[in-house]
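Residue numbers (the numbering used here), protein chains in the order written: chain A, 1 to 293; chain H, 1 to 1163.
Wrong hints could be hidden among the right ones.
Simulated pairs of lysine-lysine, PhoX-like, Cα-Cα distance not exceeding 25 Å [to be verified]:
(1) A:Lys33 to A:Lys93
(2) A:Lys93 to H:Lys952
(3) A:Lys82 to H:Lys934
(4) H:Lys927 to A:Lys41
(5) H:Lys886 to H:Lys875
(6) A:Lys33 to H:Lys927
(7) A:Lys41 to H:Lys875
(8) H:Lys928 to A:Lys33
Honestly, the hints are just simulated from the structure, not real lab data.
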Amino acid sequence: MTEDSQRNFRSVYYEKVGFRGVEEKKSLEILLKDDRLDIEKLCTFSQRFPLPSMYRALVWKVLLGILPPHHESHAQVMMYRKDQYSDILHALKVTRFISDTTPQVEVYLRMHQLESGKLPRSPSFLRQPEDEVFLAIAKAMEEMVEDNVDCYWITRCFVNQLNNKYRDSLPHLPKAFEQYLSLEDGRLLSHLRACSAVSRLPYDLWFRRCFAGCLPESSLQRVWDKVVSGSCKILLFVAVEILLTFKIKVMALNSAEKITKFLENIPQDSSDAIVSKAIDLWHKHCGTPVHSA
Amino acid sequence: MAQPANVGELLSMLDSTMLGVRDDVTAVFKENLNSDRGPMLVNTLVDHYLETNSQPVLHILTTLQEPHDKHLLDKINEYVGKAATRLSILSLLGHVVRLQPSWKHKLSQAPLLPSLLKCLKMDTDIVVLTTGVLVLITMLPMIPQSGKQHLLDFFDIFGRLSSWCLKKPGHVTEIYLVHLHASVYALFHRLYGMYPCNFVSFLRSHYSMKENLETFEEVVKPMMEHVRIHPELVTGSKDHELDPRRWKKLETHDVVIECAKISLDPTEASYEDGYSVSHQLFTRFPPRSADVTTSPYVDTQNSYGSATSTPYSTTQLMLFSTPRHLPQTLSSPSARLLPEPLQATLWSPSSVCGMTTPPTSPGNVPSDLSHPYSKVFGTTGGKGTPLGTPATSPPPAPTCHPDDYVHISHTPQATATPPRKEERTDSARPCLHRQHHLPNDRGLEDLHRSKGSVTLSDLPVFLGDLASEEDSIEKDKEEAAISKELSEITTAEADPVVPRGGFDSPFYRDSLPGSQRKTCSAPSGTRGSIVNPEPFHSSLDKRGPDTPKQAFTPIDLPCGGADSSPAEDRDRQTSLETSILTPSPCKIPPHKGTGFGSTQPPPYDHLFEVALPKTARYFVSKKTEELLKKVKGSPEEDYVPSTSPMEVLDRLIQQGADAHSKELNKLSLPSKSVDWTHFGGSPPSDEIRTLRDQLLLLHNQLLYERFKRQQHALRNRRLLRKVIRAAALEEHNAAMKDQLKLQEKDIQIWKVSLQKEQARYSQLQEQRDTVVTQLHSQIRQLQHDREEFYNQSQELQTKLEDCRNMIAELRIELKKANNKVCHTELLLSQVSQKLSNSESVQQQMEFLNRQLLVLGEVNELYLEQLQSKHSDTTKEVEMMKAAYRKELEKNRSHVLQQNQRLDTSQKRILELESLLAKKDHLLLEQKKYLEDVKSQASGQLLAAESRYETQKRITQMFELEILDLYGRLEKDDLVQKLDEEKAEAAEAAEERLDCCNDGCSDSVAGHNEEASGHNGEAKTPRPSGIRGSYGARGAGGSSSSSELSTPEKPPSQKAGPLSSWWDTTVGEPSTSIPTVGSLPSSKSFLGMKARELFRNKSESQCDEDGMTIRSLSETLKTEQGKDSGVEAKSPLNLDGPHLSPPAPDSVGQLRIMDYNESHHEHS
């Protein structure tokens, strides 16, 4: 970031005045111009600022390790990825796991299953909960990324990241969620407790699926920016913010079932605001991530 | 008793007429009694008394002391049992009891009481009964609480006697019944007064019986009319009445008064305390009360009292003298002492009652009827003139006068017999007392005189006042004195009637309304003893008895009838026979015979009236009214149902007295002997007996009444004491008040002085304050000064210390200076030494200077010599210089050369250093680049690896699929024949495999196909299958290592490596060819190295560059392979050719660097 400030001393003031993201695109471009991409800087950047959509796929791919940091090898590696994709696709087609009519999302699922060696013996086998998660994420990702190969790879790596990197921290999120909710609004939490709805909140939807299918993709990708860049806590704050936003309605509801039902189908219109507030909240509680290098 | 034989003599001596002897003997007896405790003497005394009725003996007996009481009581008890002696012993008992001996409480325990009761229940002789009842009545108040056990006996006796009153059993004469009735009436009063509840309940039970009803109607009921409701009936109970605690508080006289209080009978009643109402009642109903008061009872009582007194007088005076007394008194006092008569007459109505001298004149009676009033109480009016008496007694008076006068004049002398006088001396004190009072009395009398005009109505009040005034002070003393006197007199005179004191008291009572003194003096006068000192008294005495009579006569007259009544008393002995009353005649003989001795009853009548305490006040008014009534209709009175037995008795006595006086009147008034003789012969024995009995009865009654009076006297004394005390207290109070006032004044004075003192004190304090403040200020100043001084002293002290310090310092300095001095001295010495030395040195110096001068001159000489020799050396020097210059130049040029060389070499060094730096930089860059490349490669490698992974997955999947299909096929084959089918199946399998391989190769990469083509050809010494093949494949592009054997191998073998790979990753155990698969992996590095060497030798055509690159890559791989394992090899091999083209130039550099690196790493 020191380079950014050197480049444009006004950038600091932009933020103060309220113009956020004016310099982000430029700085991101500068970052991306480096021959050897600095992954940490990219991480910090994406945590601090919303990614411009035109670079989102690239950044994600880099951050998820689909593309190496070197520009030179990008083409080749991408070619490998494509080959891999097509090989798997071919193999699945050969083995008749999928057909042309199979929905793209399921294709991704089968490919993922194949890669992880969990391909069931027959396509008719019941899906596991993790498969559902994958499907949901893939569906959301399909909306965000145009290219199938990219989409598959990003989805795959995203899910892998959830399963590997966040495997330990995800189960703790509900507790942390309660804690932050009590900090933000104790009454709401007590109301939830009174309704015994705390344990029955849609944690699966929120933390396992990362709000896939809960928020519209346009706002969801901003959340996922943070998730991809290595912070799963943002999920928690989004959840908190959802509850805070719909506090009045939630307070009006008395049974845990109704609350859960409502939260699973929240209105889509205010999602952008929710996400922005959630990010602010996240910054407020966890501090603005600063590039340590 | 020392001489028992003498007892008889002594007893006989007792009766001697000589008073002196008598006294001596009594003294002897008393001494004996005191010394002896035996019953003997008492018994003999009692016996003697019973025999002789001797008064002295009686006196001794009645005054018996404690230890003898038992004997006496025993003796009495013994005699009570005998009918013959019963009467006399009862009378003795009566005497004893009336005196209230100190041992009276023992009476209740003595066996005498039951026997007395028994006697009362059994006896039929009325005289005895009456006597006994009276004794009992007298005893009752003395033993109130102990008498309760005999309560029923008392009631029984009452019941019996009350019925007797009506039934008159047997021979009992009417006259006795009157007495009996009176005594029963008294008993009724006593019982009702003492035990109301019990008594009433007894009455209720007793008279509820039919046979008793009549008795009740006739006897008891009238009695009850004279009684008010006893308060105890309301508040008390049967048990409470008998409670000893109730009686403990009350003395005998209290009990008597208690009983009197509830009586409505004016003769009995007591008007003490709150009974004024009843009093009013009486006044309100004059007729009735009049009836009551006029009742003969009063008279009888009076007569009783007089009876007691009279005997005495009679002994000395002639019986008939008394009537004469009146005129005497009336005349004589008036003649002698002017004031006296007035008084006497004044008092006469009250005191006189008894003495009915005037009545002697029967003719007077009617006239008296109107008069008596004015006389008796109205004396006030008529007092100035002792009219009453003269008026009433004119006829007799003149006649009597001379005699009486003589008598009186005689009496004093007679009475003033030597023995008596001696006695008198004994009682000198009382006399003195009296004399003391005399002035008072006189004053009073004067008062009376002045108040002579006091109206009748006022009189009682007036009298009361007087009495209260006088009495309060005098009474006690007087009484005591009188009683003493009398008792002594009585003993001396051997008067049978014991109660001398009683004697006095009635008089005394009289004096209550009137003047006591006179009444008191009256008896004394009668005795004569008192009269002696004061003639005045004597006159009074005479009058005392007389005046009552005057007052009385009117009363008597109507009762007794005009003729008989006036002379009643005196006449009794003489003219009773003639009197209308039947009993009267009988009276005389007993009087004489029984030896009440020479007792003559007549004059006692007036005493009766006097004896009744309460009646006194009302006496006059009632009397008058009664008289009036009687005048009008005297006969009616008797029939008045309410007449109490007392009245009846009273009347009886009066009548007797009247009869007697009548008789007397008929007779000439000579000496008694005439009377005696006159009466002595005529009366029949029977009548004499009855008369005697009657007399006895009367006597008893009289004694009883006297006893009552005594009790009243006691009570009065006590009350008086209270009054005195109250007065004293009042005075004391007043004195205290005065004192208080004085003290208050004192206090005020003190207060004033206190204020003054306070003011002074405050002034002083102010002064003191000012002084104090001044002193304070002074103190402050002084303190201030002191502090200043203190400070100064401190300063001075500090200065002193400073000075001391300075001195010390100075001393030190001094020491130092001394030291210095010493030192300097030392130095001085040294210096002097030195000085001396220096002087010597100076001398030497001078010497040396001189030498120097000499030497200088020498030198100058030498210089001169030298200058002359210098010119020869200059050429040599110049040549030397030139040589030196040349040498210098040479050396300089040499130095220049050297410098130049140095510069060049330095430059060169710089160049070389820069070169070195460049090279370092390059090196760094190279390193960076290498890093870059490495990471790039690793990135690519990762991608490739992932691809490879996926490939493996794919193949696995395929294999799975294939195996699946195989499974299906085999299943199908099982159905068909095996042989034929097997071959076909093998072919099919081969084909399939090929297809699969092709498919795989196609899918993997295009150039693999070429490689596979090459593989078929160039496959030489490779021991391993796949690894070799893959490794070859990497090198396949450049080297034509043909390993064609691979495709020829059986499919199972081909599949082996695959399956082995499968095994490693998936972990499925594969049976096929583990050994083959393991070979390449185990030999990989060694093999590769060997291969390199081998290849370098055998395949010499290989490009050096390529070799280097390959070897480089190989080494790199091996190094990496150590980390990442076998998998990394193939991709690297693959990468090798790819990498080679882009950086052909920098191979050398790379190599160097690599070597460096490898070195680094290896090292």
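Report task. Sort out whether H:Lys934 lies within 25 Å of A:Lys82, counting only the CA atoms. Result -> holds, 23 Å
Report task. With a cut-off of 25 Å on the C-alpha distance, tell me whether H:Lys886 and H:Lys875 pass. Result -> holds, 17 Å
Query raised in the report: Straight-line Cα separation of A:Lys41 and H:Lys875 no greater than 25 Å?
Result: violated, 92 Å
Query raised in the report: Is A:Lys33 close enough to A:Lys93, meaning Cα to Cα at most 25 Å?
Result: Violated, because 39 Å separates the two Cα atoms, which is more than 25 Å.
Query raised in the report: Taken at face value, is the distance from the CA of A:Lys41 to the CA of H:Lys927 at most 25 Å?
Result: Between H:Lys927 and A:Lys41 the Cα gap is close to 23 Å, so the pair holds against 25 Å.
Query raised in the report: Is the hinted pair A:Lys93 and H:Lys952 satisfied, with a Cα-Cα distance of at most 25 Å?
Result: OK: A:Lys93 and H:Lys952 at ~16 Å, within 25 Å.
Query raised in the report: Is H:Lys928 close enough to A:Lys33, meaning Cα to Cα at most 25 Å?
Result: holds, 18 Å
Requested in this report: For the pair we were handed, A:Lys33 and H:Lys927, check the Cα-Cα distance against 25 Å.
Outcome: Given pair A:Lys33, H:Lys927 holds - Cα atoms ~22 Å apart, limit 25 Å.
Against the hints set out earlier in the document, violations occur for numbers 1 and 7.
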